[in-house]
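Asks: Based on the provided sequences and hints, a complete structural model is requested.
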Amino acid sequence: MSYYFTILSPTDTPLFNIAFGTSKGGGDGIARFRFPETAQYMNQFIIHSSLDILEEAQWTNGAMYLKHIDTYPPAAAYISAFLTPSGARFLLLHQPPHLPSSTSTGSGLGSSSLLGSAGSTTRASSSSVAANPTSPQTEEAVRQFMNEVYENYVKTAMSPFYKQGMEIKSPVFRTRVTAAGKKWL
Amino acid sequence: MAAPPRHSTMLSISNGGTPQSGPNDKQTQQQAQTLPQSPGLRVPSNRKTIYDRHLNRSRNAELSRASFAYLFGEMVTYAQRRVTGIQDLEKRLNEQGYPLGLRLLDLLFYRSTSTSSSALSSSSTSSSPPNRPLRIITLLHLIHGPLWRLLFGRSADALEHSVSPDTPNEYMITDNDPLVNTYISVPREMSMLNCAAFVAGIIEGVCDGCGFETKVSAHNQPTEMWPSRTVFLVRFGDSVMEREKVLERSGVK
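Top line first, the protein sequences correspond to chains A and B.
The opening position of the first sequence corresponds to residue 1 in full-length UniProt numbering, with each subsequent residue numbered one higher.
The opening position of the second sequence corresponds to residue 1 in full-length UniProt numbering, with each subsequent residue numbered one higher.
Don't read these hints as lab results, they were simulated from the structure.
Careful, some of the hints might be misleading.
[Stated by the list, open to error] Simulated crosslink set (DSS-like; lysine-lysine; CA at most 27 Å straight-line):
#: 1; chain 1: A; residue 1: 67; chain 2: A; residue 2: 182
#: 2; chain 1: A; residue 1: 169; chain 2: A; residue 2: 183
#: 3; chain 1: A; residue 1: 183; chain 2: A; residue 2: 67
#: 4; chain 1: B; residue 1: 91; chain 2: B; residue 2: 215
#: 5; chain 1: B; residue 1: 253; chain 2: A; residue 2: 67
#: 6; chain 1: B; residue 1: 215; chain 2: B; residue 2: 245
#: 7; chain 1: A; residue 1: 182; chain 2: A; residue 2: 24
#: 8; chain 1: A; residue 1: 163; chain 2: B; residue 2: 48
#: 9; chain 1: B; residue 1: 48; chain 2: A; residue 2: 183
#: 10; chain 1: A; residue 1: 163; chain 2: B; residue 2: 91
#: 11; chain 1: A; residue 1: 24; chain 2: A; residue 2: 183
#: 12; chain 1: B; residue 1: 215; chain 2: B; residue 2: 253
#: 13; chain 1: B; residue 1: 48; chain 2: A; residue 2: 169
#: 14; chain 1: B; residue 1: 215; chain 2: A; residue 2: 163
#: 15; chain 1: A; residue 1: 24; chain 2: A; residue 2: 67
#: 16; chain 1: B; residue 1: 48; chain 2: A; residue 2: 182
Replies: As C-alpha cells, then:
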C-alpha cells in the first residue's frame, strides 16, 4: 500500500505533502505508486479532484473524520478525508500495491498504460490494512493516523508564529507525521 | 501555548552565543546531525519543541489577571496608534482577535476529543468526538458555552435571536461583565467605544473557521446592575442563511 497525504487550507492551498508506503506486514515504508516516477503529480490531481465531494460531504456529516469519500478506479486510488473544525482538510490517498494476479481490485485494468515501472516493484502483502482499502480495519487505522496528525496540526496552529494558511515547514512536524504513518498504516 | 519553548530557545542562544563563535558552531553541527534536512533549525537547549508539549497541560491552568489586563491595555494602546476614529479602532481590535478564534476552535475540539489521560496513546476509548457545527444554533451554543468557558471560565449570560422579521440573520450573545473591559476606562468623548471588539473578533474567527461567514460587533448596553454589559451582535451572511434553509429541509442537525 502506498500513501499520499496532503493538508489543504480552507482556501485550497496545499500546506503540507508527504508520500510514504506501508510499514505493516514487512513493508519498508517507501511509497511505490502505480505511476512512473515522472508522473507523481497524478496523486495531486486525484486528491484535488475529490475536493468537490468533500465539500458536499462536509455539510451532511458533522464528524471530523469523514472516512473514505472518493475512489478513482483507473488508478485504484482511495481517498479518505478528515476535516478540522477550523476548515483545514487532511486528505489521504491510498493505493493498494498492484498484484499481478489482480484478484483484489478488478478496477486496475484500465490503467495499464499508467503502470510503467510499478510492475517490477510489486510485492504481495498479507496485512489486512494493506490488502483491502475499504475494510473497517483500514478505516480505523486511517482514523487513528488522522487523529495523531490532527494533534500535531493543532500544536502547529497554536504557535504564535504560525498564521492559518501558511505552509507547514517544520521538520519536526514532518517527522511526526512519518512516525504516525509508520505506527498506523 | 508556545511561549515557554520560544523563551528557552532564546536562552540557549544567549548561553551559547556569548563566547563568539566556538560553541555556537558546535551546536549547529550537532543539530545538523539530528535533523539533516534543516541545518538552520534551532532547538531549545532541553531539545523540546512545541510538538513535545502536551496540549492538555495548561488545560486547568489559570492565567494571571494582572498580566492579562496589562497586556490587553497595551494591545488597545497599540491599536489606537494612527487610527482615524472609534470604528477604525474597533476594527483593529477585531482583527487582533480573529486569528485567536481560529486557533481556539481547533484547540477546543482537540481538548473535547481526547479524554484527559489516554490522549496520546490508544485513543480508541474516546469513542465519539464532538461534531463540527453544521447549523447556526449548534454553532452559537458552542460559542455561548464551551468557548466562553475556555476563555473566561464561565458561560456567556444570554443568547438571543433577533425578534425583528427583517433581520432573521442576527443573533445576540450577552456578557454582563466582560473580562476584557474590567480594567479599561473609556474616556467620555469615546463613549461609543467598546474594547470587547477584541472578543467580537474571536467570535468572528470561530464562526468563519466553521464556515459561517459572519460580521460580529460589540455594543454597550449598560443596565443598572451591570454597567459594562456588552452585547455581541452576530450577523450571518446571506450564503449562510441560504445554506441553513437547505440543511433544515434535508433534516441535518
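Asks: So, for every hint listed, does it hold in this structure?
Replies: Results of checking the hints against the structure:
Restraint check for residue 67 of chain A and residue 182 of chain A: the C-alpha separation of about 20 Å stays at or below 27 Å, so the hint holds. A distance of roughly 22 Å separates the Cα atoms of residue 169 of chain A and residue 183 of chain A; the hinted pair therefore holds under the 27 Å criterion. Between residue 183 of chain A and residue 67 of chain A the CA atoms are separated by roughly 19 Å; this keeps the pair inside 27 Å, and the hint holds. Distance check on the hinted pair: residue 91 of chain B and residue 215 of chain B sit about 11 Å apart at the alpha-carbon level, within 27 Å; holds.
A C-alpha spacing of about 19 Å is found between residue 253 of chain B and residue 67 of chain A, which places the hinted pair at or below 27 Å, so the restraint holds. Straight-line distance between C-alpha atoms of residue 215 of chain B and residue 245 of chain B comes to about 20 Å, which keeps the hinted pair within the 27 Å bound. A threshold of 27 Å between alpha carbons decides the hint, and for residue 182 of chain A with residue 24 of chain A the separation of about 8 Å falls inside it, so the pair holds. Distance hint between residue 163 of chain A and residue 48 of chain B is fulfilled; the C-alpha atoms sit about 22 Å from each other, no more than 27 Å.
Of the supplied pair hints, the one linking residue 48 of chain B and residue 183 of chain A holds, its CA atoms being roughly 21 Å apart against a limit of 27 Å. A distance of roughly 19 Å separates the Cα atoms of residue 163 of chain A and residue 91 of chain B; the hinted pair therefore holds under the 27 Å criterion. At most 27 Å may separate the alpha-carbon atoms for a hinted pair to count; residue 24 of chain A and residue 183 of chain A meet this at roughly 8 Å. In summary, the hint linking residue 215 of chain B to residue 253 of chain B is supported, as the alpha carbons are separated by about 23 Å, within the 27 Å threshold.
The hinted pair formed by residue 48 of chain B and residue 169 of chain A meets the criterion: a straight-line CA distance of about 17 Å does not exceed 27 Å. Between residue 215 of chain B and residue 163 of chain A, the direct Cα distance comes to roughly 21 Å. Compliance with the 27 Å bound is thereby established for this hinted pair. Restraint check for residue 24 of chain A and residue 67 of chain A: satisfied, since their Cα atoms lie roughly 20 Å apart, inside the 27 Å limit. For a cut-off of 27 Å, the pair hint linking residue 48 of chain B to residue 182 of chain A stands: about 22 Å separates their Cα positions.
Against the hints set out earlier in the document, no violation occurs for any number.
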